[in-house]
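Here is how the chains run, residue by residue.
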Amino acid sequence: MIEQATYNKTYTSTLQLYREGWNCLILNWRVLFLLHGLSFLMVFIALGPLSNLLKKVVEKTNYHEAIAGPFDYTLLMDIINNHGEALKLNLTLLLSFVIPFFLWLVFSSGGMMQLIKHYPRKVPLTEFWKGGAEYSFRFLRLGSYTLSALLILCAAGFVLFSAGGLSPFELESESILITKFWILLAAIGLGAFLISIFKEIAKAKIASNQDTLITKANLAAAAATFSTRAIGLGLVNLLVLIGCTLLYLLIKKLIGHWLIVAIIIGQVFLILRMALRFIMQASFYFQERANVQA
Amino acid sequence: MYSFYPTYSRTHQLLYSTIVLLCISCSYNSAIGQNVLSPRVANYAMDVTLDVNKKLLEGRTQLIWQNPSDDTIDHLQFHLYYNAFKNTKSTFLKERDFNSFLSLEEDDECRWGWSKMTAITDEAGNSLLDNSHYIQPDDANPEDRTVLKVPLVKTAGPKEKIIINFSWTAKIPKTMARTGYNKEFYFLAQWFPKVGVYEPAGMRYQKEGAWNCHQYHSSGEYYSDFGLYDVRITVPDNYVVAASGQLKGQEKKGENKTWQFIAEDVIDFTWSTSPHYEIVEDQYKDTEIKVYAYPDKKHFATRYLNTIKYCMAYLEEYLGVYPYSTLSIVDPPIHGLFTGGMEYPTLITALSFNSFPAGFKTPETLVVHEFIHQYFMQMVATHEVEEPWMDEGFTTYYESRILDSYMSDSTSTIEVLGFNAGNKEWNRAEFFGSATNQAHPNSVKSWEFTEGGYGPISYNKTALWLQTLEGLIGTATMDEIMKTYFQTWKFNHPCREDFIAIVNELVIKNQADKYPDGMDWYFEQVLFGTDLCDYAVTSLESRTKAAHRGYLSSEEHCEIADAAEDFIINEVKVCREEGMYLPVELQLTYEDNTTETQYWDGKDNCKTFTIVGPQKVIAAEIDPDRKIFLDKNFLNNSMLLEKKSGGIRALFGRLITSAQHSLELLSVLI
Ligand SMILES: [Zn+2]
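Those protein sequences? They're chains A and B, same order as listed.
In terms of the working numbering, the first sequence opens at residue 1 and continues consecutively.
In terms of the working numbering, the second sequence opens at residue 1 and continues consecutively.
In case anyone wonders, no lab produced these hints; they're calculated from the structure.
Since we're looking at a predicted model, the values are computed, not measured.
Don't take each hint at face value.
[Said to hold, decoys possible] Below 30 Å or equal to it, Euclidean Cα-Cα: the simulated BS3-like pairs (lysine-lysine) are:
1. K60/A - K483/B
2. K514/B - K483/B
3. K54/B - K55/A
4. K483/B - K56/A
5. K55/A - K483/B
6. K607/B - K55/A
[Unchecked claim] Far from chain B, some chain A residues (derived; all Cβ distances over 10 Å):
7. T225
8. F269
9. M274
The beta-carbon is built from N, C-alpha and C at its ideal position, and this holds for glycine as well.
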């Protein structure tokens with residue numbers, strides 16, 4: 001086992017853990033280029049044919065500017081109604097990139113874990129690839145569990161929502177449905193929040209235990225999810241993400257009408273989201289490490 | 001006359017008959033002397049009781065019917081619309097895939113409905129019931145009982161007024177198309193035996209007088225004569241009644257209450273009742289407007305009222321005055337949504353959803369659409385079954401005009417989270433997005449849309465070709481046409497020929513230079529054809545013309561001239577990509593940004609415009625003012641000489657960012 005044993009720091013508060021996550025990111029800031037670069041590349045390839053199609057349709061017409069302007073329903077529907085087949089093909093291609101991107105997320109999560117494990121030592125980015133290779137399969141299994149958990153959660157939400165019938169003809173008033181919808185949405189949101197805590201703890205435990213089987217780590221993670229400390233750390237991560245999102249939306253609203261500015265702040269916010277993802281993973285790992293040491 | 005109400009005691013019968021007769025005769029005659037707006041052919045005095053436990057209507061009707069023709073008429077025909085819901089063998093339910101709108105699982109209560117006459121007598125007391133029988137003039141389906149033929153003992157002579165008394169019972173269906181009950185909500189449309197329309201020779205398409213009384217079809221609506229309705233409705237005491245016409249009084253009788261309404265110069269009478277209705281009132285000039293809504297939807301009243309008042313003012317300006325003293329807007333509860341979005345004389349139903357953000361303009365759209373029907377189907381009482389485009393299409397056309405001017409032409413249908421659309425553009429996209437938009441010409445009867453397309457063709461396409469007609473002949477002429485059409489045909493039953501005649505007359509009067517023969521060529525295509533319209537600029541080229549050379553100034557020396565002023569040859573090719581032809585304008589833009597308009601009759605497949613001059617044409621655009629809204633593809637309407645890639649690049653940047661953000665959401669999984 002590497003630095004884990006030698007790095008003997010105790011965290012007295014959740015905020016300290018979170019701050020340590022930030023420090024870890026600052027130490028490994030170059031990973032953001034990698035995360036962003038791959039994301040950009042994949043989307044660039046996926047969107048290429050769509051871009052070509054739109055080029056062919058509007059580049060030599062009076063719509064050449066409107067295509068990038070404010071939302072234009074007629075323009076959109078003329079594209080759909082007159083080039084629907086080609087559009088469908090391109091969108092299918094775009095959607096097909098979801099799977100490789102998800103695999104990349106799994107891989108990169110393993111890579112990030114490797115960098116985090118070395119903290120506070122700075123290691124070359126080659127460790128990222130090593131970590132990706134090492135944890136991919138286990139994280140992929142974990143990902144399938146979280147996906148299943150989320151699907152079960154949504155299905156349960158739908159079952160509860162439709163309990164008593166969804167037919168409008170049977171409803172006394174739609175207000176019942178609206179109330180039910182918001183309550184269930186909040187419940188699903190809470191469930192998703194707990195699942196996100198669970199997967200971070202599970203990743204940390206998998207990385208700490210180095211077991212091939214992840215069941216033990218998952219069970220332990222499930223139990224640890226409901227601890228005050230885990231929920232507190234999850235909340236800090238979530239609140240920062242919400243804060244950043246609100247700030248982004250505010251800035252976008254204020255200056256986003258300049259297209260180029262909108263694109264730039266959109267990209268900045270994207271990198272920030274990736275950074276926060278890294279920080280969340282790091283902070284939960286540090287919490288796990290602290291628990292092990294304690 | 002006394003045999004009119006068989007279930008009453010004789011004294012009661014006589015008394016009641018006399019009162020009803022006096023009542024309707026008084027209103028009928030007094031109104032004649034006053035402000036009679038319509039030919040009152042079919043006049044009803046009705047007394048109906050709602051049994052909320054058995055879901056039954058018990059009714060007694062006195063019909064004063066005037067033979068509108070010079071013929072002698074030996075029988076009457078009645079619509080018994082509720083029999084469409086008697087069972088799945090009716091024409092209505094055979095035509096409609098009833099599984100699609102009815103649950104196959106029967107609940108405890110029987111959902112089906114029916115209507116039957118229990119007694120019919122003429123003025124002399126002759127019973128007409130025994131000889132009456134159901135007929136099926138449209139499809140010979142013996143199981144369909146929606147039209148009843150009633151032979152008369154004493155025939156009705158030319159222009160003669162006859163009185164027929166009948167009593168009837170109707171079982172109210174549960175949540176059927178447009179009518180029925182659900183929970184404590186009742187909506188009674190097409191609920192009483194209603195006499196058909198006898199069309200004299202010369203009216204609409206009739207060569208000789210005949211009854212026009214179609215079976216109840218799945219597509220298409222109704223057709224009936226104008227008249228006066230004096231209706232007394234008895235419901236449980238705690239129920240509130242909304243109805244066509246003016247409320248004349250209420251009378252409490254034990255645990256029930258009788259509401260009396262009088263509706264004059266209308267083609268139908270509709271009502272709704274529920275103990276949960278709350279009323280919000282407002283006024284537009286002399287018209288009292290009432291919104292009937294359940295408590296949880298009462299807040300929509302402001303949206304309805306503001307919109308409707310704008311709409312009333314608009315139609316008053318462009319067509320004519322709404323002459324009725326009342327307008328009732330019923331906003332059904334969620335379990336009554338099967339009745340939403342319908343039009344009846346002086347009563348319309350809207351539809352609202354508490355779950356929808358305010359940016360969904362459904363309430364505004366429906367209330368405007370249904371109110372316009374007061375003009376096109378109620379006052380200008382076209383045949384909704386035979387020529388659905390004449391009410392639905394005209395209404396959709398004005399719906400766009402009104403809503404786009406009330407809100408804006410890019411937000412009047414939806415404005416939610418940066419996604420917005422105007423009514424007119426929504427209508428166009430809906431038509432071109434439909435797979436059945438060429439299934440039939442616009443001229444077929446509603447039940448003849450066997451291959452689909454009733455909605456896209458009757459509603460959307462008509463609105464599109466009316467918008468295009470406006471573009472071709474100009475808004476001023478269009479407005480004159482529509483106003484003339486309305487003023488000429490209000491309180492009457494025009495057909496398409498009557499509309500076309502007015503269009504031709506006014507187009508020839510106003511625009512003889514452009515359309516000396518009128519617009520028959522246009523109607524041939526839009527009404528009787530199924531072709532679509534698409535014009536495109538297919539190429540734009542500019543090349544330098546070689547300078548003149550040879551023996552130019554003398555036979556002594558060969559020379560090459562300096563560049564002449566007419567040194568550029570521009571060639572613009574425009575093509576008709578679909579079957580429909582229309583005259584089109586082609587706008588050319590030169591290097592110095594000046595423009596020039598060229599005209600093309602649009603008949604050939606393609607035409608190349610060659611412009612020789614000192615400047616390059618840098619852009620060409622067909623129909624730059626969007627007069628031809630029927631054009632299915634605006635994207636190919638223009639062409640630039642040079643590619644402009646800035647917009648695409650910017651869009652690409654935006655799409656990439658959005659796609660990256662969306663994909664990043666997957667990180668919730670790992
Ligand atoms: Zn309509």
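Quiz item: Can you name, in rising order, the numbers of the hints this structure does not satisfy?
Solution: 1, 3, 4, 5, 8, 9
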